[in-house]
Amino acid sequence: MAFPEVIQCIEKSQGLNILPYFSFKKMREKEICPSVQSCNILIDSYGRSRQFEKCLQILEEMENNRLRPNVISYGSLLNCLCKDGRLLEAEVLFKHMVNRSIWPNVQIYNAEFLKLKYFLSIC
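Per the working numbering, the very first residue in the sequence shown carries number 1; after that it's consecutive.
The set of hints was computed from the structure by calculation and includes no laboratory data. Keep in mind that a hint or two might mislead.
With a straight-line cut-off of 16 Å between C-alpha atoms, the simulated EDC-like cross-links for lysine to aspartate or glutamate are [claimed, not checked]: (1) K30 with E53; (2) K83 with D44; (3) K54 with D44; (4) K54 with E89.
Could you put together the complete structure from these sequences and hints?
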């Protein structure tokens, strides 16, 4: 079993209280090379537990460690922000994503904030 799958199993078994141990620093101390996939799992897990600052920290650490966040990285966080009603933050993150030439996919366009924005623009 690969490291991302281990994180996913822990998260699905409601082991969110041990997720802080899976930071870049701790992974590197254990000689585990973080991947975009493992970071995406952490972003999604922290986002669903409404720990948005940790999600943003992971995005920043990814960039600092030459891992390029992808549409899934941003999409997970956008989805969680929208579900929590943090539409302004989601819009800022969306603009940041597009400015980095990461183009939205269908899932992102289905996010609640974009539906709301579209609805408001046609009214």
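For each hint, the structure was consulted:
Distance hint between K30 and E53 is unfulfilled; the C-alpha atoms sit about 24 Å from each other, more than 16 Å. About 13 Å separates the Cα atoms of K83 and D44, which keeps this hinted pair within 16 Å; it holds. Between K54 and D44 the CA atoms are separated by roughly 10 Å; this keeps the pair inside 16 Å, and the hint holds. Of the supplied pair hints, the one linking K54 and E89 holds, its CA atoms being roughly 14 Å apart against a limit of 16 Å.
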